[in-house]
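Given the coordinates of chain H, work out where chain L should sit on it, guided by the hints.
Chains H and L, in that order, are what the protein sequence lines are.
Numbering-wise, this note's numbering puts 179 at position 179 of the first sequence, and it's gapless, one number per residue.
Every number in this note's numbering is 245 more than the matching position in the second sequence, counting from 1.
There could be a bad hint or two in this list.
As the list claims (entries may be wrong) - Each computed EDC-like pair below joins lysine to aspartate or glutamate, with the alpha-carbon atoms no more than 16 Å apart:
1. L:Lys309 to L:Glu248
2. H:Lys240 to L:Asp301
3. L:Lys366 to L:Glu356
4. H:Lys32 to L:Glu356
5. L:Lys414 to L:Glu403
6. L:Lys366 to L:Glu415
None of these hints come from the bench; they were simulated from the model.
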Amino acid sequence: MDKTGTEQISANTIGEVKSQVSTWRAFTGTLKRDLLLVFRRRSDIVNPLLFFSIAVTLFPLGISPEPEFLSEIAAGVLWVAALLATLLSLDSLFQQDMADGSLEQLVISPHPLSVLVLSKVLVHWLVTGLPLTLLAPLLAVMMFLPDEGFGTLFITLLLGTPTLSLIGAIGAALTVGLRRTGVLLTLLILPLYIPVLIFGTGAVTAAANGMDVLGHLAILGAMFMVALVMAPLAAGAALKISLNG
Amino acid sequence: MQELLSGQNLACERDDRLLFSGLDFSLNSGDVLQIAGPNGTGKTTLLRMLAGLLPDYEGEICFKGQPVSDDPDLFRENLLYIGHHPGIKLNLTPEENLRWYQSLYRPATTEQIHHALAQVKLTGYEDVPCYTLSAGQHRRVALARLFLQPSPLWVLDEPFTAIDQGGVKEIEQLIADHAQQGGAVILTTHHNLSLPAELKVINLGQSPQQKKDNGSQQTDAGEPGNG
Chain H
1 MDKTGTEQIS ANTIGEVKSQ VSTWRAFTGT LKRDLLLVFR RRSDIVNPLL FFSIAVTLFP
61 LGISPEPEFL SEIAAGVLWV AALLATLLSL DSLFQQDMAD GSLEQLVISP HPLSVLVLSK
121 VLVHWLVTGL PLTLLAPLLA VMMFLPDEGF GTLFITLLLG TPTLSLIGAI GAALTVGLRR
181 TGVLLTLLIL PLYIPVLIFG TGAVTAAANG MDVLGHLAIL GAMFMVALVM APLAAGAALK
241 ISLNG
Chain L
246 MQELLSGQNL ACERDDRLLF SGLDFSLNSG DVLQIAGPNG TGKTTLLRML AGLLPDYEGE
306 ICFKGQPVSD DPDLFRENLL YIGHHPGIKL NLTPEENLRW YQSLYRPATT EQIHHALAQV
366 KLTGYEDVPC YTLSAGQHRR VALARLFLQP SPLWVLDEPF TAIDQGGVKE IEQLIADHAQ
426 QGGAVILTTH HNLSLPAELK VINLGQSPQQ KKDNGSQQTD AGEPGNG
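Looking at chain H on its own, in the form it has when it is part of the complex (with noise of 0.2 Å):
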């Protein structure tokens, strides 16, 4: 074999190499990686674009296609489906590294594991809540929400969807060790999505009426910093509980 390549490794084999790891490196590093695998997976994008579409638009056919109606419910149908299809797609969080041994090497790299899992969730956002918050006032329209409510219901969801995907990455590494997850992680998810969704509908519904909402968007938002600074972290503890499984 040759020996230059071991060679060069040689000059610093046994030496510091604590100045050469860098965890923004890291962050960024498994930023691009998760956002090129998605890439090249694109259906994991579109699946819960598809289930909201379908999901809201299954509601004027099924129930009443009056406007008075459909601008009264519009801010709830909304947002549940919304959330539903954040939740649906939490499955696969981590479950690929699982499988392939990567999450392992998560854990034992020498950066934060929350700073990691904050990358990994920020890619989920990027590729679920995101689009769903830029696709949801064209439902919304469909939905003959008042032109009141657009604004608001762009900033909740804008609030709200990051706020899903970081309490749904505590459930989605409590669970991901589990053979078949099924329903259990919906049912340790749910509870924690209720408050968001109170507050995210109750915005809407309030501006629509021409009521001050900075109140609700107010605890949106302490909700989001909350869980942007807790749910990595819990996260990061489920991931080794469930490694170590």
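Frame of chain H; chain L shown alone:
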């Protein structure tokens, strides 16, 4: 000779079964340590424990004399662990896989990555998705990390799985070179290793009676084994 890794009184219980207990070993720079034993005796468990993937174990693992729990990040920077699953993304090319690994450790240029892939005989496969490669080639992609990462401590779980005979010889040589340059290697394998250097062996999976008879002699890797 510098002590890199040592374990004192290690014990592990999985699913109410005691896999091993009272295990002591010490690994100096320049050592190659083989964990031997029949299937299901805890070889992989021991490696995962040493790599820091199993938090609940008894005993103490020290890196350069300091308990690993004191500075886990320092230990992890000095560790290169290749597990039972090679950790290769099938939808990525070998080059992209290695680039991600190097973003976690030491950044590598494209030339360095190509050089490493050439070392594991994957020239010409740099840009094809890994799902078109064979199991042995997946293992080779993972093993290419050995050329990119200057970690002194290698922990390799069955590195020869699916590798052809010529490849096994090359990896043996690589391991011997690494040890000679002051690194240390812990591995499990069912191959008969032929190394120029002295091989230490930890034998797991003796019956409790044998253990009692032999005392710590058999499990003490400080004694040279019969490689």
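Tested hints:
1. L:Lys309 to L:Glu248: holds (6 Å)
2. H:Lys240 to L:Asp301: This hinted pair holds, its Cα atoms lying about 11 Å apart.
3. L:Lys366 to L:Glu356: Within the cut-off at roughly 15 Å; holds.
4. H:Lys32 to L:Glu356: violated (20 Å)
5. L:Lys414 to L:Glu403: Cα-Cα ~14 Å, so holds.
6. L:Lys366 to L:Glu415: Within the cut-off at roughly 10 Å; holds.
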